[in-house]
Amino acid sequence: MIDARWEKLARLLTHHSVEVKPGERVLIEGFDMPAEFVALLTRHVAEAGGEPLVELKSNRVLRALYQTARESQIAQIGAWEKARMEQVQGYIGLRGSGNFAEMADVPAEKMQIVRKHWWTPVHLETRVAKTRWVVLRWPTPGMAQAANMSTEGFEEFYFKVCTLNYGRMEQAVKPLVERMHKAKNVHIVGPGTDLRFSIEGIGVMPCFGKRNIPDGECYTCPIRDSVEGEITYNTNSVYEGNVFRGIRFKFNAGKIVEADCANDGERAGAGNPEKLNRILDTDDGARYIGEWSFGFNPHVLHPMNDTLFDEKIAGSFHFTPGNAYGAADNGNRSQVHWDIVMIQRPEYGGGEIYLDDELVRKDGIFLPEDLRGLNPDQLSIEA
2 MIDARWEKLA
12 RLLTHHSVEV
22 KPGERVLIEG
32 FDMPAEFVAL
42 LTRHVAEAGG
52 EPLVELKSNR
62 VLRALYQTAR
72 ESQIAQIGAW
82 EKARMEQVQG
92 YIGLRGSGNF
102 AEMADVPAEK
112 MQIVRKHWWT
122 PVHLETRVAK
132 TRWVVLRWPT
142 PGMAQAANMS
152 TEGFEEFYFK
162 VCTLNYGRME
172 QAVKPLVERM
182 HKAKNVHIVG
192 PGTDLRFSIE
202 GIGVMPCFGK
212 RNIPDGECYT
222 CPIRDSVEGE
232 ITYNTNSVYE
242 GNVFRGIRFK
252 FNAGKIVEAD
262 CANDGERAGA
272 GNPEKLNRIL
282 DTDDGARYIG
292 EWSFGFNPHV
302 LHPMNDTLFD
312 EKIAGSFHFT
322 PGNAYGAADN
332 GNRSQVHWDI
342 VMIQRPEYGG
352 GEIYLDDELV
362 RKDGIFLPED
372 LRGLNPDQLS
382 IEA
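Count the sequence shown with the numbering used here and you get residues 2 to 384, in order.
Check each hint, because a few of them may be wrong.
Stated by the list, open to error - Here are the computed lysine-lysine pairs in the DSSO-like style, where the Cα-Cα straight-line distance is at most 27 Å: (1) 58 - 211; (2) 175 - 111; (3) 185 - 175; (4) 363 - 111; (5) 161 - 175; (6) 131 - 58; (7) 251 - 363; (8) 22 - 256; (9) 117 - 175; (10) 9 - 183; (11) 211 - 131; (12) 83 - 22; (13) 183 - 161; (14) 256 - 117; (15) 117 - 131; (16) 117 - 363; (17) 9 - 22; (18) 211 - 251; (19) 83 - 9; (20) 111 - 22; (21) 117 - 83; (22) 9 - 175; (23) 58 - 175.
Quick caveat, the hints were computed from the structure, so don't treat them as lab data.
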């Protein structure tokens with residue numbers, strides 16, 4: 002018997018996230034996923050009139066490929082997958098691996114080749130720009146452990162988080178979108194953080210289950226050279242299998258001129274300042290910011306080393322080195338797009354965000370009357 006929660010999620014992905022229409026091709030790409038759920042989702046897409054194209058992948062196999070492949074091989078795979086992505090109207094990416102550090106021992110130069118020839122042309126340039134897409138993780142014992150929860154308890158949490166009332170969220174975020182469209186300047190303060198930048202004329206994109214599951218954010222982007230000050234992030238961040246702690250950036254004329262983090266030495270999967278700066282030196286755009294976003298999913302309260310969850314934490318924001326999205330574009334281009342999260346609720350040190358000198362969020366709570374619908378006590382209402 003199929004779990005009723007699976008059915009609810011499959012319907013959400015098909016009809017809300019990707020909005021499958023008759024005759025449209027939808028690529029379903031599963032990484033270490035239960036075949037039963039992929040089969041269920043395939044049926045839902047087909048019943049909606051779509052034409053599902055399905056591929057199952059293994060991160061252990063991809064690790065071996067990344068470690069051994071020549072650059073020409075990766076370029077060929079990237080060309081094949083880009084050609085396929087150009088022929089679909091929808092994309093659903095399902096990621097089920099419980100080991101976020103699977104790629105930790107792939108040499109950095111190999112991962113740069115993958116980013117250059119595979120990830121960037123297929124996903125950043127084609128999937129993100131030209132399809133209706135959604136990506137999500139699948140609950141695993143490894144994710145439960147990262148969240149300090151039992152496996153069963155995490156599954157309950159997962160489906161509650163992923164299938165909340167996105168219609169309510171869509172309505173509640175509209176006033177924030179309007180305020181961000183009108184705003185010129187942003188000022189963010191918190192422990193080890195004092196940032197100023199401009200968002201004047203940059204697009205604003207509310208996110209309520211159309212691109213990520215779980216969802217709950219509203220993003221824009223700083224004018225490329227406007228960022229001044231410093232930020233000290235208070236959550237761990239995983240990038241290509243490496244966990245970075247205590248990341249700190251200092252900006253001058255928009256560029257990260259100083260970057261540091263905790264040095265975890267040679268521990269497997271550990272981040273250190275040298276690795277951090279190597280990522281930021283990937284290309285010219287990696288040291289500039291490509292996204293700034295409020296997070297407000299009411300059920301996600303603590304980090305768990307998973308960006309898709311952590312960037313939606315209620316009372317958080319993320320400030321992202323690298324490539325800008327077309328919907329909120331400052332012109333910055335990079336193979337890197339690294340969402341790093343800072344939580345501003347009191348138990349994480351608090352903080353304030355100002356739009357044109359008006360305090361709009363303090364200690365993770367929106368203050369203006371028109372924004373209070375985004376606070377956890379309102380968004381958690383299911384009816």
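Evaluation of the provided hints:
no. : hint      : verdict
1   : 58 - 211  : holds, 23 Å
2   : 175 - 111 : violated, 42 Å
3   : 185 - 175 : holds, 18 Å
4   : 363 - 111 : violated, 42 Å
5   : 161 - 175 : holds, 23 Å
6   : 131 - 58  : holds, 23 Å
7   : 251 - 363 : holds, 23 Å
8   : 22 - 256  : violated, 43 Å
9   : 117 - 175 : violated, 36 Å
10  : 9 - 183   : violated, 37 Å
11  : 211 - 131 : holds, 14 Å
12  : 83 - 22   : holds, 22 Å
13  : 183 - 161 : violated, 34 Å
14  : 256 - 117 : holds, 22 Å
15  : 117 - 131 : holds, 19 Å
16  : 117 - 363 : violated, 40 Å
17  : 9 - 22    : holds, 19 Å
18  : 211 - 251 : violated, 33 Å
19  : 83 - 9    : violated, 31 Å
20  : 111 - 22  : violated, 39 Å
21  : 117 - 83  : holds, 13 Å
22  : 9 - 175   : holds, 26 Å
23  : 58 - 175  : violated, 38 Å
Checked against the numbered hints above, the structure violates hints 2, 4, 8, 9, 10, 13, 16, 18, 19, 20, 23; every other hint is satisfied.
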